[in-house]
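Listed in order, the protein sequences are those of chains R and B. Numbered according to the numbering used here, the first sequence terminates at residue 246, and the numbering increases by one at each position without gaps. Numbered according to the numbering used here, the second sequence terminates at residue 1405, and the numbering increases by one at each position without gaps.
Incorrect hints may appear among the rest.
Okay, the calculated bits of chain B under chain R, using three or more residues with CB under 8 Å as the criterion [said to hold, decoys possible]:
1. 563 to 574
2. 582 to 593
3. 802 to 814
4. 1273 to 1283
For the chain B half of the interface with chain R, some residues (derived, Cβ under 10 Å), not all of them [as the list claims (entries may be wrong)]:
5. M510
6. L522
7. G693
8. G1092
9. G1099
10. S1236
From the derived model, a few chain R residues whose C-beta atoms are all more than 12 Å from chain B [as the list claims (entries may be wrong)]:
11. A86
12. R153
13. Q230
Note that these hints are calculated values from the structure, not bench results. Glycine included, every Cβ here is placed at the ideal spot set by N, Cα and C.
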Amino acid sequence: MFYRNVPSDAIQGPAGADMMTDAGVAEGALAVFGMTNDYGAGLADAVVDAWGSDKLCDVGRYDYAETDTDFSAVADQMAASTTCTAVYLSSYIADAALIIEALNEAGWEGHIFGGDGPAGEGMYDEMEDDSLLNGMTVTQPRAGSSFGDFSERYDANAPSGGIKAYDLTTYDGVMMVGMAAVNHNGVSADAGIAATGNGYEGASGVINFLDNGDIGGNGYDICSYDGVDQYTCSKYWTAEGGVATA
Amino acid sequence: MTALEDFRDQWSQLDRWKRRVAIASFFAIESTLGLLSQIGALNIVDTLLFDSLPTDLVWLLQTFTLICVGFGLVKIAFDDMRPGWLRSTIITTSPILLFLYILLIIHILLLGLDTSASVLIDLASLGTNTLTWSSTYLSIAVGLTLTYSVQRYGNFAQSEFFMIGMYVGVALMWTNWLFPLNEIPSDGHLSWTLFLWMLFGAFVLTGIAGVIIDRLVYRGFRGRKASPDVMMIASLGVALVLRALTYLRFGGSTQRFVPDADWMRGSQAFEFPTILTRFNLGKRQLEPDQVYTSLDCAEMSSIPAVDIITTTCEGAAQTTNYAYNNAFLPIVSFATVFILLAILTRTRLGRRMRAVADNPELAASSGINVERVHMTSAFLSAGISGVGGGIFGITLLFKPITAFSLLLPSFAVIVLGTIGSLPGAIVAALIIGFVRAVSGPVLIGIGNPIGRSGYSALAEVMPYAIIIAILLIIPKGIGDAYDRWKIERLRERARSSKIPNHRHSAALGLLMGPLGAHHFHQRRSGRAISTLLVTSSAFFIGKATSFIRTNSYPSGPVVVPDGVDPDIASNWVSLIESEQAFISLIGTIGDVLWPWIPLLVWIFCLYESYLIFNDRYKDPIHPFKLRYHSILSRISTPSDKHSERTISKNMKDRVESLRANADSWLTARTASLFGTLGKQGDAILQKAGIGEGRRTESGSKAAFRLLLALLLLFVVWLPVDPSSNFMFAKTLQVSNLVTFLSIYLIMSLSLNLSTGYTGLLNFGVIFFVSIGAIGVGVLTAPSDVAGYGWPIIPALIFSMLVAAISGWLLAYPTARLRGDYFAVITISLGEVVRILLSGEPLLKTGTTQGAIGVQRYPQPLEVWWFCGRGEQLDENGVELSPFECKNNEAIDSIARTIGETLSFGQPAPYYLLLAIIGLICVMIVWRALSMLYSSPWGRILRSIREDEDVAQHHGHDVMTHKAAALAVSAAIAAFAGALFAWYLGSLQPSFMQPSRTTFLVWAAFVIGGAGNNRGMLIGAMIITLNEFVINRLVAAQSSASQPLHELAVAIDTVFAWLVTEPMQAALLMIAIMALAYLFRRKAMAESAGWIASVFLLMVWLLHQRSIDEVFRTDIQVNLAYVKVLIIGLIIVTSLKYNEKGLLPEVPYRPERSDGGDSQ
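Here chain B stands alone, though its shape is the one from the complex:
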């Protein structure tokens, strides 16, 4: 046996943890040597490549490797360490340990770069920022948890409820009755009316929005028993619709909720003592005559590694401010979460929700109204996120898209906390909030020394990195670990014969009764928590009301500040007077609650301690609880009978008879019409070859031809600017359209491979697209703008290879995860790249140092197109640019020839060439995929999609095939990315916004039909035409000479009517609802009813000021957001009414030879 085989044998016999530690140690040592002395593996590779790798890239990868080693060690602790105090300690303190470990890595990096950095951390500020971020994420995470628990799917629209809450606050600010509070200048006192109304309004109105969406969208999916993945994708569509509607009504400019001018004053803040800690990393040698000045201005002869200071230079205590407008966010968010926890664990409603979450069928058979529970859950989850959003709106300026940036970190919270675990979500939110808060100072401190002054933008990446790390290390989350620990503890207790000493318990009750200490000692944790809840609630309410009373307008006459309009002044005075009365009342309640309630509780606890001491304890409250529940039952049951009695039987019978007559009248009049139409329709479909349906090969092809013909007619019809040269304008339009279509079609084909054929829920299309786009852009840009000057084809091939390898590497650790986790990881990767594009210098090319984006890269064959063959030089011998060639009539080129032939009046546009390149790319990809799908590999992929276990049993390595599918899909997406880069001309992070790429591709995928390439073409054409028709309408909106101007004006008119006359719209919807009810069209009646309620809410909430603030001059619809609205509606309606798509997958049937028996 050779030495190698020996080694392999020994290696495989080692314990898993030893193998892992060995691998981690190897990479740690190798990367450390690389950073410190440039002798790591990557340095050797770089040497072999003649130093062609960027230096920055080498040390970035080495740093990344070391960070991965740290996470790897955490994974070893989770998976392989024996349970015990050491393991528990490591796990509990892992966030702090990882933070210190990362500081160590940065220190090593800086030593290697021969530079230094200071990371300055204000501990109190770190704590308050942690609370701010964690409460922001928690508001959305709680809603996600509820939805996951009760409704069993991941709701990608949860952050939009947060957004609705933000705008409810702003809308309330603009109402006639509350706006005086916002208009009055600062008077030194906080006003609470608008703030409290915002809390109430955000909760109730967002909750109602949640119910409406649940009834309109998700209830239908539940009825059809749709899979959680389908509902998750539908929620994407809902998110787009909600965001688009908000953009349309409130515009895209930033807003802020200001309850009162005094809330924004810097002086309105809590002041906390703090400790400043400066970590001096990297080089710490001083020059001979240099001194180090510490944070308290003491001078030292050496630089300490850590400088900890509690005083200022003047000797005063260090303090930090926490503005009231930021402080209320965690207070309110955590309060609402704890209230929700109390509801879920202590109330009947909570028990019902938990029953439905566990087993809906069993819950239904027990008499629980499951649909009502779903509705309640929808209300609560939306409402809580809405409150969070409302409060968040005070802290900074926001737009509709702001909330989406919080969605994925919130997913990180629920995954880390274990899906369905609220306590887990709370702890996870604090951890992820801490990570987010500490990232800022670290990145700001190290940014400049490592040449990355924009690195602070990467603080946003941290939650995404955490989510990826969590899913790889502990996919079950903290909550699961906590539950297992609780179970283990209960088992130990059950095994133990030790009984708690009742004397000790009594003593605890005497001293700390209000905290439930005696019950904790007696192992009655439920009762203990209830006691603690009562005491702490009284405490917090008492303190809150006292704070409000102290920081509000004092009692007595209200004095109006100078210079205020008299009308506004009088409204303001009456509001403040009402507020004074209200605050006086709640102040009184607070005074009663604290300290009297805890005192009463203490007295009660003394009684309980007495009983415990005498070993005669029986729950004194139990009889009252039973009484309370029986009264509750008696109150709730008669209401059904009561509601029956309120509608007399005769009235009900009359209404029913009217409805029956109306229905039969309508049916009689429409039956023959529908019958005729149906027959004619069938005949047309037969003639078109779709008679057997779209799920046969011939039917599918025929449907495809028909749809394609219709769409092509649309393209021909699409008008151009009449004032321009028609041939040129139409050619440019069609070229643009074909290029755009090619890009999205290739992306759709890529998605079809990974999702349609293999079943991976891939939301990371944009991640792989970006590898292609950024790779080609950076590699081909000239070296004088920070590019590498590669030729286009090698750059393209390299980028596709990198994408393929990324797809392969991604598949192994993630493809075993459940579908929604995989979706979250892949969408997170896209966001990581988008944020990296904002701050990482290796991903920038251009003329300025700090500007982001990839610019100045060449486009394929552009020089040949405009300049012809051979070099074209100017009088100084400098090569002409394509632009200069285009404007030089003396140069003969293919563009000029085509332009003359087709009478453009100028050279043919470059987009014509790009369109041809795009079509060629599409044909190559299409052909390659068709061959793959009809090969044995294609059949294996389909079998994996249908049933992985069966495929495994047949001897197919499922993981390898999934990885291969993802790799090929990634390479195709990268190909589309390159084309995208050439189409855009320069890349900004905005090109990676999910609503511009991922969601569009998913819309094409959903509407076209999963598993069918022809469906992808139809889907891509629909979204392309949506884009171009809307663009045409945008041009027509402001110019009467443009085509489609009348249509644009009509759309603006309808929109203006909806905005200014919501009452009329509501009445119209009510009329439709009544008619639908009469004719027994239940779904239509319900939908119209809900829409009517939305308009009625608009009447109440959105006053003239909200129109004036948003639409400064004319009320015009922003058609760019109509695009988003249409895409969202396409996703939702397609999934709801045509889940398989326009061209469903044709089941593959292998050809059989005639005769049946094998030959």
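Isolated chain R (complex conformation):
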């Protein structure tokens, strides 16, 4: 049995689609780029399903290997296209940076969106030209109320460039495994973790495992880059309420 305290990308897909609709992306204007590993393909599937595979632009969906570093061909296609004015990147930070630079070199000007892969201030470290990030909008898991003092200790001591949301969830994951070993000694790890994840008050919020080991989560923050050094999350998305202003 696998457990995870980060919400499934099956939820992030609709969040991404709503984010782009809220930003004014028209039907038939979106391209989706996704890595071909499980993360990239899974998130890209979810976004395309939520957006509508018949509502993509000329370039449509573009899948690439995690190890690819040359995006000039697809960037040229995007630049030459008259319909593709937005792109969603289901990628990690490094390849997102390469894609953005390639798009800029090819002369494409449009709105860039992404999932939690390229989310965070770390994108600035990855870019040769930070100004290219201006207006890029991404989703990242929304932290609930934080319990314990880890969040404050993180703010005081953590180096820059990290993604706080993930660091909090990682901390909770490690703590929960330890708690399971201590508090549920004698039962299997499976049973111990399931028991621990029943109302666990962690640094990333309250964790309640579902039957399949996932969590429902607290929704997604919608964050943007200003192309200088700022990364602000001025909106958020929930399954119940859609996009709202923070």
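Please build the complex by placing chain B on the supplied structure of chain R, with the hints as guidance.
Same frame as chain R, now just chain B:
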């Protein structure tokens, strides 16, 4: 006579071209009908099989057939058309014709699928991408061409020189004196210092690396007159060593060479006007209220087949950007190639190299120092690839493995261009670059409509497909065709009595003298090219220097951007000031060269035109040339005498006497020791039964038993994690090891059949392995994850059959090719499958649509192992998975029984069962092969390997036997592939990386001994143990409680010392060199000297920053790459010192009955 026999007679009497056209037409019509109306032959087969074939597979095969028809028509044009303008036109324009033909095929496919696609091509972008790709391939291809010409073997390590160039750039970027250029933020000006240093450094340092490798490795092979195939295999080992060393020192994360922040700005680009072309393929009907919007936003009531646009929606001209950091790649690459061409054709060195390439013995007898020519050739070929790599490093992120992906397309370039022909390589690079560049837009455009959004990955396949097509269609290449055309033209000229009109020539000289037009007209092409070279060089240098001056820091005070560290700022300022002075100088030189040199040349050409006009032409430069050569001779000859004079005779005699004394002292002290050791060794070998040597049956068996015993002791010794249950951990370890060994042993046995016994240089083991692995995986995966739910045994048999048929079909067109071509084709096939695994949905199983890989397939007997006989259900009536059964203590199974018996504390691992299955598989294959080898067929194979012509004369159909051998070898490899799939549990393209499979198998083959199955077992055991010992060390590296931790720490300490104290390492090597020189151990002295020079270069080039950037925290060796290093070293040292392997083939001697005469 029956109608059938009639038909056969008539058919065989037809001209070859007519037969070929008929066959091509049949397949074209059949496939077209299949695509459009689903009534082709494959559709009929599918109907007969109750529609069980995947629909995608049917139309993919039909599309592939049509593409093959296109190539077939090209082959007919090459082979069967009469020479003339039509044939020449078709051949010259064949790349464009094939491109249009493929668009037509796609159109037919899309019509059949009732869908449409747009392929959008930006012509200027296509041109620039063509230049980028072609120059990338050319950098490596040029080195390959040089090596092939002069040294006569295919160098699989050529791409590693490209890699070295990439990392030289990065290392220079990190030096203390140049890094300020990289640290300063963008200031709007390009800085050239780091860029120019990179060009120089990449060329010189990579060239030196080439020389070192040539001296350390290839010179020994040349001395032994090793065959080109042996040297090619050795180059594989060299490639692995170089790559491993680069990984160890620079890590596996991506790097990029950034000369200066401004180089990366999108605004730093050339802007070109362009034409956008959209091909609308497939369905083109609009709905009643739909309109088509063209690329310039015009609305149309119908969809044009081709939409060609030169303006944007706003009416401005369409433009495309070509970033400077990409543009310099073709400029520098082509410039270096043309410089090399000039060296080869216009200089003494070039003449010497060509002489050695033609006939080394004759060249030596003419007084040419052949070894020096080899060294120079090694320097130039490595250096040119290094420069290409250095420039390539600006264009995108790279890792050490990046360069290897360019090697095989570069082979395609030299094969298409004809091996040894530089002009051919240039043209071929442009063709293959074009293919690569145009593939991207086409695959992106058609990917989504045919349900293949990841198809853009297949652009990488195109060069491999080209290489296979070229070798089947025109194995002699373009260069050969060009040479024949030149010869024909010269013959025609010699036959023709027509003399060029001197008045016309004079007029041309007047108008276009600097282009050498008058000399071309007068048929003095050599002189014409020289004139053109001078003019064009002046032009390009002038333009380049002008560009550099315009796009660099302006003259005047240097202003430091805000927020920069003062130390860095002051270094940067001094660098920029030096750069300003340098650029001012080269700008002045450029201003002189252009336009003044062409003007001077023009004036000279006017004089020549005057002479031509008056029919008094004699080469005015000739007397100066003679003078120049005589001065050159006088300068070069005294240097030998001069070097003799610099070392006085007395000093030399004293050194020699010292060396003689040292040598005799050492010999005296060690003679008796070596003598005793030798006698004892002989006695031990006698006792072990190896006294008569390993080439006898008894000696071979005895050596095998001894080696096997040693290796088994190693297995027993291999420690496990002390914190775990020892029995369980050791069982798991040994099971893993035995399974891994079984897989690689079966692969080695397969290779031994095709290469060891039949003599085919088969580098395609992984291709056949993948057929087995992917076939079993896809066929047995459940249908809800895109599999077919077949049972395991039928899937296995089917996969082996497919592999065997592939091997058979592969043999016929390729087995006649020379060994290195066959090697290139077979390795290309493996790469094609690896790339297909990244993008072809038929080769994916799993839960997500886009994720690549073959997953969720069952493993044999796993359910029985954990769940016992009968179905195990949960409380809802759902069948339990093996994992759930394993965790359910109520279930009685064989795994649980064994676990309890052997006190594992848990059920026995599945790998134990897999190990037993593996051993059974090995025994089956071993037995089958032993029977084959001792049969008449085995003897025929050996006779074919020794001498094909003799075997043919004895009435054996060589081709059929080779095909059969390859087919059986392929089936065995597929068997190993199935086992591999079960061992891995899921398949990703990375499992097909050559360094994980093909090269490992070749290492086992080389070290074990070709032609000896027992050798294969020993070889496979060695590489298996290498894998497991290193894995053990990896676990021990970071945990003091793990066994072998001290050894891991010691390795890390030595590695850290080598990284941080290269000067000490250099001094140590120099000391060893001195001692070896003293004791007259020449080879050791030379090797130590070269290694010392490498460390000295590291002192100069690799500063503290390079350590901080790569090893962020501790300096630890990445042991995964040590595995690769060891494999590379095994291949090279085994070939160098023990070419026949540890257990060489035992010559087969048939048993004779006593008495001699036949009964």
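These are the hints, each one checked on the structure:
| no. | hint | in the structure |
| --- | --- | --- |
| 1 | 563 to 574 | holds (count 5) |
| 2 | 582 to 593 | violated (count 0) |
| 3 | 802 to 814 | violated (count 0) |
| 4 | 1273 to 1283 | violated (count 0) |
| 5 | M510 | holds (4 Å) |
| 6 | L522 | holds (6 Å) |
| 7 | G693 | holds (8 Å) |
| 8 | G1092 | holds (8 Å) |
| 9 | G1099 | holds (8 Å) |
| 10 | S1236 | holds (9 Å) |
| 11 | A86 | holds (16 Å) |
| 12 | R153 | holds (22 Å) |
| 13 | Q230 | holds (17 Å) |
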